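Chemist: Chain by chain, the residues:
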Amino acid sequence: MPTLNMVQALNLALREEMQRDQDVVLLGEDVGKDGGVFRITEGLHDLFGSRRVLDTPLSESGIAGVSIGMAVYGLKPVAEIQFMGFIYSAMEQLFCHAARIRSRSRGRFTCPIVIRTPYGAGIKAPELHEESAEALFCHMPGVKVVVPSTPYIAKGLLISSIRDPDPVIFLEPARLYRLIKEDVPEGEYTIPLGKARIVQEGNAVTVLAWGSMLQRVLQAAGAADCEIIDLMTLNPFDEETIFKSVKKTGRVVIVHEAPRTCGFGAELSASIAEDAMLYLKAPIIRVTGYDAVMPLAKLEDYYIPDVEKIKRAVNEVLKYY
Amino acid sequence: MPEKIIESFNIKRLEVLDEKGDADASLMPPLSDDEIKKMYELLILSRTFDRYALNLQREGRLGTYASILGQEASQIGSAFAVENTDWIFPSFREMGVYLTAGFPPYKLFQYWSGDERGITPPDNLNIFPVCVPVGTQIPHATGAAMAAVYRGDKTAVLAYFGDGGTSKGDFHEGLNIAGVFRLPVIFICQNNQWAISVPRERQTASKTLAQKAMAYGFEGLQVDGNDIFAVYKATRDALKKARQGEGPTLIECFTYRMSDHTTADDATRYRSMEEVEQWKQKDPALRLKLFLEKKGLWTEAYQKKIEEESKTIIEDAVKKEEAIQPPQPKDMFTYTYEKLSQRQSRQIKDF
Numbered sequence: 002m003p004t005l006n007m008v009q010a011l012n013l014a015l016r017e018e019m020q021r022d023q024d025v026v027l028l029g030e031d032v033g034k035d036g037g038v039f040r041i042t043e044g045l046h047d048l049f050g051s052r053r054v055l056d057t058p059l060s061e062s063g064i065a066g067v068s069i070g071m072a073v074y075g076l077k078p079v080a081e082i083q084f085m086g087f088i089y090s091a092m093e094q095l096f097c098h099a100a101r102i103r104s105r106s107r108g109r110f111t112c113p114i115v116i117r118t119p120y121g122a123g124i125k126a127p128e129l130h131e132e133s134a135e136a137l138f139c140h141m142p143g144v145k146v147v148v149p150s151t152p153y154i155a156k157g158l159l160i161s162s163i164r165d166p167d168p169v170i171f172l173e174p175a176r177l178y179r180l181i182k183e184d185v186p187e188g189e190y191t192i193p194l195g196k197a198r199i200v201q202e203g204n205a206v207t208v209l210a211w212g213s214m215l216q217r218v219l220q221a222a223g224a225a226d227c228e229i230i231d232l233m234t235l236n237p238f239d240e241e242t243i244f245k246s247v248k249k250t251g252r253v254v255i256v257h258e259a260p261r262t263c264g265f266g267a268e269l270s271a272s273i274a275e276d277a278m279l280y281l282k283a284p285i286i287r288v289t290g291y292d293a294v295m296p297l298a299k300l301e302d303y304y305i306p307d308v309e310k311i312k313r314a315v316n317e318v319l320k321y322y
Numbered sequence: 004m005p006e007k008i009i010e011s012f013n014i015k016r017l018e019v020l021d022e023k024g025d026a027d028a029s030l031m032p033p034l035s036d037d038e039i040k041k042m043y044e045l046l047i048l049s050r051t052f053d054r055y056a057l058n059l060q061r062e063g064r065l066g067t068y069a070s071i072l073g074q075e076a077s078q079i080g081s082a083f084a085v086e087n088t089d090w091i092f093p094s095f096r097e098m099g100v101y102l103t104a105g106f107p108p109y110k111l112f113q114y115w116s117g118d119e120r121g122i123t124p125p126d127n128l129n130i131f132p133v134c135v136p137v138g139t140q141i142p143h144a145t146g147a148a149m150a151a152v153y154r155g156d157k158t159a160v161l162a163y164f165g166d167g168g169t170s171k172g173d174f175h176e177g178l179n180i181a182g183v184f185r186l187p188v189i190f191i192c193q194n195n196q197w198a199i200s201v202p203r204e205r206q207t208a209s210k211t212l213a214q215k216a217m218a219y220g221f222e223g224l225q226v227d228g229n230d231i232f233a234v235y236k237a238t239r240d241a242l243k244k245a246r247q248g249e250g251p252t253l254i255e256c257f258t259y260r261m262s263d264h265t266t267a268d269d270a271t272r273y274r275s276m277e278e279v280e281q282w283k284q285k286d287p288a289l290r291l292k293l294f295l296e297k298k299g300l301w302t303e304a305y306q307k308k309i310e311e312e313s314k315t316i317i318e319d320a321v322k323k324e325e326a327i328q329p330p331q332p333k334d335m336f337t338y339t340y341e342k343l344s345q346r347q348s349r350q351i352k353d354f
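From first to last, the protein sequence lines are chains R and G.
For the first sequence, the working numbering begins at 2 and goes up steadily by one.
For the second sequence, the working numbering begins at 4 and goes up steadily by one.
It is worth saying that the hints were derived from the structure and are not from the lab.
Treat the numbers as computed from the prediction; the structure is a model and nothing was measured.
Built from N, CA and C at the ideal position, the CB exists for glycine as well.
All clues given are correct.
Partial list, computed: chain R residues near chain G (C-beta under 10 Å):
{"id": "1", "residue": "S62"}
{"id": "2", "residue": "V67"}
{"id": "3", "residue": "S68"}
{"id": "4", "residue": "S104"}
{"id": "5", "residue": "D239"}
{"id": "6", "residue": "S272"}
I would like the entire structure built from these sequences, with the hints used as guidance.
Modeler: Below, the structure is given as structure tokens:
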């Protein structure tokens with residue numbers, strides 16, 4: 002079994018799905034000959050040609066809009082938005098159309114697109130190259146939001162996203178692209194959307210995380226009696242798995258990189274308060290980025306939740322019996 | 004080094020049928036008498052639909068509605084050239100396009116009364132639901148055309164939008180990509196001179212909207228949008244070109260919105276009655292009627308007959324629509340995703 006990093010795992014998923022299904026096409030800026038700025042699509046242009054791997058003009062709203070048109074016609078476009086900070090100009094297409102086409106047409110038309118984009122901090126890139134705006138998409142019914150946390154998970158989730166009949170925003174934690182290697186089998190396996198996974202079982206604290214924060218949570222709480230849950234899909238999220246764990250542990254720490262106010266942790270926290278308040282032994286603690294604009298490289302380590310902060314939060318909730 | 008001209012352009016304006024009902028034989032597209040009468044009948048039907056919709060809205064039986072009055076030639080002339088396999092991406096002021104494509108009128112009333120089920124096209128029609136955010140449907144047409152090429156289909160795609168839509172970023176992105184990939188898509192701009200209260204000259208400093216196509220590397224032309232033959236000919240030629248792999252076309256239909264923007268608007272606040280009166284002389288139905296009369300194809304009796312037929316079709320449609328049971332609240336959830344989410348499965352129990 003090959004040992005791959007996330008870049009290679011995503012590349013393998015795209016290659017296998019394109020071989021399996023003629024309707025899968027790739028489009029985006031620099032995804033063709035260049036293989037994408039992070040090389041996720043490397044070699045696919047050579048393998049499948051410019052008919053199936055389309056270098057588009059520099060045009061984020063156009064890429065999203067054209068993908069929607071292709072999808073309603075019957076194709077399965079997988080579009081790359083080069084960095085999450087550039088997805089803002091495609092928001093109208095994604096919110097006003099991709100999310101609504103099934104509903105607006107009462108199922109006559111569907112929009113099975115995948116919008117892949119690198120997201121999150123830690124790569125020392127220019128402004129707007131390190132955004133964590135996942136919560137914006139979680140507030141929009143009709144789109145799914147998927148975040149992988151390891152190479153193996155990334156391949157399985159991307160295959161599921163491509164096969165999903167609804168639009169998927171697939172957020173690739175840029176810091177993880179080459180950070181971890183693990184065994185990733187060739188050939189088909191899928192990881193279902195809408196399901197969380199329990200990464201580590203435990204009885205004292207439920208720690209909720211996704212994407213690049215999962216690694217830090219494992220470092221901070223891997224030795225403690227923590228139940229660590231990787232959400233994998235944020236919208237729609239797996240409330241059953243979360244509630245079950247919270248009812249067992251009675252303590253919750255939520256970790257995300259995005260700003261705190263209206264971050265996805267707020268939704269998780271409110272949901273737990275509504276459905277499992279009487280099981281709680283301690284206040285729910287969120288460890289998040291600050292309510293400040295994501296800084297450039299010299300300040301980014303102050304912004305992103307680190308292992309120490311996560312450890313402190315776990316110790317804090319453990320003070321309550 | 005001397006300066007030199009490296010690019011220049013001319014913009015064609017096409018007119019076939021004048022206000023007196025005389026057609027230029029050298030430009031007249033090949034249409035049988037029956038086809039021309041069919042066009043006229045669709046025009047009367049669309050106008051009847053529009054009149055009834057406005058009245059129903061006043062009576063509180065329909066929601067806010069966007070009238071097509073004055074733009075019927077642009078809509079019917081273009082949609083009449085389309086094949087059943089072609090795809091159409093309309094905006095919200097295209098009831099004449101829907102009716103010409105064969106969309107059942109009762110479903111249009113159903114939609115405007117606030118029921119999504121109304122805008123679901125029959126299985127044999129590829130006409131997209133009404134697009135509300137101006138201009139954002141343009142890249143969809145480009146994408147559908149890209150998919151048609153990918154599949155090797157001879158399908159062409161039409162996108163409808165107005166003069167206001169040309170100011171939007173998606174107009175640029177949609178036309179630009181269509182030009183780069185030479186896609187079989189026809190951009191029909193109904194320049195009706197007004198985007199709610201903002202006149203055409205406040206949308207762009209360009210002399211025409213047609214010339215914007217030049218910047219994207221394909222042909223743009225202006226047609227008299229109240230001249231059904233000019234619109235039909237331009238669309239037919241553009242479709243032929245598209246099917247031959249010769250790329251997109253932008254057609255600016257120079258027309259006029261005779262009515263308010265919607266039933267929620269009052270156009271007397273921002274435009275003069277003199278202007279509206281001047282455009283009445285250019286009425287698209289009147290000149291087609293004169294043309295038919297000169298050809299001996301129009302009589303008072305024929306006019307009465309088709310008006311009665313249109314009235315019957317529309318009144319039957321209203322009756323049919325008003326007998327439809329309201330949608331189920333559960334439908335809100337059913338069509339969000341293919342399957343209900345865990346949370347939706349709980350929320351749907353409210354109903």
